[in-house]
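Participant: Each of the two chains sits in its own frame; use the hints to bring them together as a complex.
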Amino acid sequence: MSAKPVLFDCDPGIDDALALLHLGGIGGKLLGVASVHGNVPATTAAENAVRILDVMDMNDVPVWTGAARPMAQPLLTAEHVHGPDGLGGTNSGALPRPVSDGIGAVKIVEMAHAHPGEFTLVAVGPLTNLGLALLLEPNLPDLIPEVMIMGGAMLPPGNVTENAEANTWHDPEASQLVIEAAWQKTFVTLDATMQTVLSDEQLGQLANSDNPRAKYAWSILQFYLDAYEQWLGRKSCPLHDPLAMALAFDPALASYVTYPTRVELRGEATRGSLVPDLRGIANPETSDASGDVRYVDELDVERFQAKFLESLTSDSLQRG
Amino acid sequence: MAKKIILDCDPGHDDAIALLLAHGSPEIELLAVTTVAGNQTLEKVTRNALAVATIGNITDVPIAAGAGVPLVRPQIVAADIHGDSGMDGPELPEPTVDLDPRHGVDLIIETIMNHPPGEVTLVPTGPLTNIAMAIQREPEIVHRVAEVVLMGGGYSKGNTTPAAEFNILVDPEAASVVFNADWSVTMVGLDLTHQAVATPDVVERFAQQGTPASQFVVDLLEFFGRMYKKAQDFDAPPVHDACAVARVIDPSVMVVQPAHVVVELAGTYTAGMTVTDFQGRGGVPRRTQVATELDRGKFWNLVVDAVAAVGSN
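Note that the protein sequences, when read in sequence, are chains A and B.
So in our numbering, spot 268 of the first sequence is number 268, and the numbers just go up one at a time.
So in our numbering, spot 184 of the second sequence is number 184, and the numbers just go up one at a time.
These aren't lab readings, by the way, just hints derived from the structure by calculation.
Among the hints, a few may not be true.
Unchecked claim - Simulated restraints on C-beta separations:
{"hint": "1", "chain 1": "A", "residue 1": "Gly233", "chain 2": "B", "residue 2": "Asp80", "range": "37 to 47 Å"}
{"hint": "2", "chain 1": "A", "residue 1": "Pro212", "chain 2": "B", "residue 2": "Asp233", "range": "52 to 62 Å"}
{"hint": "3", "chain 1": "B", "residue 1": "Lys229", "chain 2": "A", "residue 2": "Gly27", "range": "45 to 55 Å"}
{"hint": "4", "chain 1": "A", "residue 1": "Ser100", "chain 2": "B", "residue 2": "Ser184", "range": "54 to 64 Å"}
{"hint": "5", "chain 1": "A", "residue 1": "Gly280", "chain 2": "B", "residue 2": "Val255", "range": "23 to 33 Å"}
{"hint": "6", "chain 1": "A", "residue 1": "Gly233", "chain 2": "B", "residue 2": "Thr211", "range": "47 to 57 Å"}
{"hint": "7", "chain 1": "B", "residue 1": "Val255", "chain 2": "A", "residue 2": "Ala306", "range": "30 to 40 Å"}
{"hint": "8", "chain 1": "A", "residue 1": "Glu298", "chain 2": "B", "residue 2": "Asp233", "range": "17 to 27 Å"}
{"hint": "9", "chain 1": "A", "residue 1": "Ile281", "chain 2": "B", "residue 2": "Thr211", "range": "34 to 44 Å"}
{"hint": "10", "chain 1": "B", "residue 1": "Gln75", "chain 2": "A", "residue 2": "Asn139", "range": "36 to 46 Å"}
{"hint": "11", "chain 1": "B", "residue 1": "Ser156", "chain 2": "A", "residue 2": "Gly233", "range": "16 to 26 Å"}
{"hint": "12", "chain 1": "A", "residue 1": "Ser290", "chain 2": "B", "residue 2": "Gln208", "range": "47 to 57 Å"}
Idealized CB from N, CA, C, for every residue including glycine.
With the rest of the complex left out, here is chain B (with noise of 0.2 Å):
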């Protein structure tokens, strides 16, 4: 059976990959999407949602905009690394499909509460202000969900800073409740996600399909690649958001260790680092399942089989 899950997001362009990755698997069924701002602002990350959307013919699926600014803190965005839209490179389509007029936090719980407890999957990839807001709106959501799957933190170091990861950095105190919850959570941090990059054979299979869909995922693939040469050095870009994703669809995608992970709030350097114990110093219980060893070879057939369903639809 399908797994069903929330995919709450940011797009961007691996969040763009997470969507398609999420709408090709016959393995999820995908009950809505969310946005939040971080990426990009929400009007920008919402409408790049849309116009993926519309790029994918994902037409059955509620799509809401959810908080459009951190609980606490003033907000920050990635245009570095996503460009002034979010999803800078691809030519985008005037989005034909609408948006749900709900505020995204009460689609989330609409939605858990709506399911048998034990069926929903919450798949955050953005910043984690709408779940935490979902959990002070609805506390029986923690219950109900089966697990969260999020990209987000890393163990060993950050991106934006050299503590934290992104998504953690522009809402800490968001993500503190997450990691929090009396609820399982795996963390897909940067030490994974970084194995998830599109090499140039990675995005010749993309391109040889030869659809909308792949086109557009190479277009992205090609914008993100330069951006990430620039901005990190990196060789090929990594993306981070589909690997979420990917440990749904099959869990042994990748390999997870359980650790005590505790998101610093405080810190002059080191506020948004999610601090992973995998060794549960003192005895303290290790609850979060942190996401370690990329099986590269089945990660990206999923991705190049889901883009390809997408393509023949």
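Looking at chain A on its own, in the form it has when it is part of the complex (with noise of 0.2 Å):
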């Protein structure tokens, strides 16, 4: 396992809660959690970070409230994917301690002072927060040299355009941001994540576990699987969001393949597109390395969805 830890941007989201069982579950590190807008307002994503932390006791984790709107659109959310309140219309009760104080972008930024060269950046809501992060502290990828994102398509199909995925589309300008800077940035796309789709025997592991993570899982993704019914013809869902957090600390369940890479800003139906020149020749437009983008190429899904419903299940909570 990459001994790394992780500062984790997101926007939670039902996937993104997953992703965070999923490190809690392999005994991941986390130095902190900025919320973002993206699948709903970055407070109510900042509340969700702090109940999923403690379903797994790591109450001991910051969490920031980070931008709550996009650079140069209007906010919109996601609610009718991840219910009402992001996590399935499962929250109740007071939160179990409150947001910390700070704000998302600035909190990166120190954090990459604080600690320069020693974590992965792991985002998987709209890009917001490392725009702004880098627009704060422009040797920002001096100090954290890779970023692994939750974002884009590819190919076709999108999820919110026709050629558009979310997290992109939600914040096409901080994305080219991203692109530009000059760190190791690798975009997970929905042509890797919709590989992930769980099997009904896979969906039951978790349903009949009884571990806390597992169990937690199971009572927020019975809103997902119904939202993802209507796109795949039956009841289950693609893990967007655990593959980018898994290959965080275990690259190696993929390979990679890196083209230069731009964002669209302007198409009708491609703004907040990545336009990756796939191409394989030449091209003086793109030939400067900071928009080098690396894609996952070939991902070994078995041992992806295998790692990931064991981490949630297992019994050993192991902690970082």
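Facilitator: As structure tokens, this is what we get:
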């Protein structure tokens, strides 16, 4: 397992929650969580992160509220996929602890200065916080050498427009800032995550486990499974955000391929979509390596799914 | 019964082969040839069309020049692939075939309207400017053509830009009109045509025919191959446009899948992209047939036989 701890930028969000539960289950070290608008408003997302961490007794991990809206377009949330509260309508009772003081993007910069080169930034929501952090601290890529992102689609369809995936579409300008920055960025796109749809048997493993992580996952998943039924034609779901988290700790679950990439900011059918140059020929317009994005090439789907399920259902709760 | 087609083209090396395929195939009755600015300027591609007709002895088919510029955008040409003349490589004869005095768009409309509904197939292998103009001028053609089988676009990548294929990039607005019209469109794009590469064994089959027409094809492919190696690092050149004609001759030469296709008009990096959704996300109708897989053996047999037929005339 990769030794580096993770700073997590997210918009929980049911699959965001699954990503956190996976981290907890494999004993991954978590330095902090920054929330961002996306699936739900950023304030809700931060409170949800607090609730999810409480399931794993990880109440010492700070949770900061991040950007409230995209840089250059109105806020749009996805309660129809994630439930009215972002966690499938399961939230009840008082917050176990308050959300931490501080602003998400500022905290990313501060953590980078405090732990230069020591953590991986995993971002599974719109990239607004990362864009803001890059504006605040242009040297951020020197301090955070690697970011693992769930977002984008290499080939249509997207999941919000013909060509665009939700996270890149929710803040195209921020996505472009992230791609232009000289850190190693891996985009775990729909092309990879849509391979991870769970089988009935695998869902049964979650349903039948007594592990508190699995029980919580199963409770929040019900709304998500219903929402995905309309797209998949059966009650299941892909593991978008957990895949990015899993690859941050175990990159060997996949092979990778790098393409020079832009983000379309103006298109009608394509605003917010990634434009990887798959032609394999020299293109003077994209010869600047800062636009190079790493994508999942081949994913070991079975091994990832097995690891994910084990991390939620295995009895021993390891702590990093 | 032979299928009646109008070939709307911008020769172009692969257009020239498409034209010989259409003329030489017993399954095709070539009703008209129209030219459009694309691979090179209208003047150059029209002269090339007449030269190909001269080499192929295509004397009984009207050939008319169409649109010289795209509907909205500044003109771009593909000299990096087709050379300064638009068909560099072979030595071209002085055309002995006359240019039809009508505008290409008028010839398209008259040809379609003079035939019963459902009889004429449109085969555009260049930018779609003429076809869009024809629709604007006589909307009735949409209901009279049997189908449109076009070379253009792609679903996984572009060639001129990362996202866009040349024909669509040149005139995205025209392409949008054509894809949105209420007729049957088959998109034979790069994902298909890149399977139609003229490898040395294929070139050898043409060389063995030993006719002026076959030698012309060999010369075309030799130059085209060098340009494709230089510009796009291909080991052999793809003869894009012939694929669209082959689809009309024998539909089983390729697999097609229904998709929802949108032509991007506004993007900075994606203008001219044929955004292709095979899944029909959100229940949107999948109105375009998109070619995915080529039967290479069948395809080259069609082209080789047609060029042989042209050569024996």
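Participant: Taking the Cβ atom of Pro212 of chain A and the Cβ atom of Asp233 of chain B, is their distance within the range 52 to 62 Å?
Facilitator: holds (55 Å)
Participant: Does the Cβ distance between Val255 of chain B and Ala306 of chain A fall inside 30 to 40 Å?
Facilitator: holds (35 Å)
Participant: Does the Cβ distance between Glu298 of chain A and Asp233 of chain B fall inside 17 to 27 Å?
Facilitator: holds (24 Å)
Participant: Taking the CB of Ser290 of chain A and the CB of Gln208 of chain B, does the distance hold inside 47 to 57 Å?
Facilitator: holds (52 Å)
Participant: Quick check on a hinted range of 47 to 57 Å for Gly233 of chain A and Thr211 of chain B, using CB atoms only.
Facilitator: This hint holds: roughly 56 Å between Cβ atoms.
Participant: Between the beta carbons of Lys229 of chain B and Gly27 of chain A, is the distance compatible with 45 to 55 Å?
Facilitator: Hint holds: Cβ distance 53 Å, inside 45 to 55 Å.
Participant: So the hint says 16 to 26 Å: do the beta-carbon atoms of Ser156 of chain B and Gly233 of chain A match that?
Facilitator: The hinted range 16 to 26 Å holds for Ser156 of chain B and Gly233 of chain A, with Cβ atoms some 25 Å apart.
Participant: Is it true that the C-beta distance of Gln75 of chain B to Asn139 of chain A lies inside 36 to 46 Å, as the hint says?
Facilitator: Since the Cβ atoms of Gln75 of chain B and Asn139 of chain A sit about 45 Å apart, the hinted range of 36 to 46 Å holds.
Participant: Indicate whether the distance between the beta carbons of Ile281 of chain A and Thr211 of chain B respects the range 34 to 44 Å.
Facilitator: Since the Cβ atoms of Ile281 of chain A and Thr211 of chain B sit about 35 Å apart, the hinted range of 34 to 44 Å holds.
Participant: Could you say whether the range 54 to 64 Å given as a hint is met by the Cβ separation of Ser100 of chain A and Ser184 of chain B?
Facilitator: holds (60 Å)
Participant: Mind checking the hinted window 23 to 33 Å against the Cβ distance between Gly280 of chain A and Val255 of chain B?
Facilitator: holds (24 Å)
Participant: Could you say whether the range 37 to 47 Å given as a hint is met by the Cβ separation of Gly233 of chain A and Asp80 of chain B?
Facilitator: holds (46 Å)
Every hint from the earlier list agrees with this structure, and none is contradicted.
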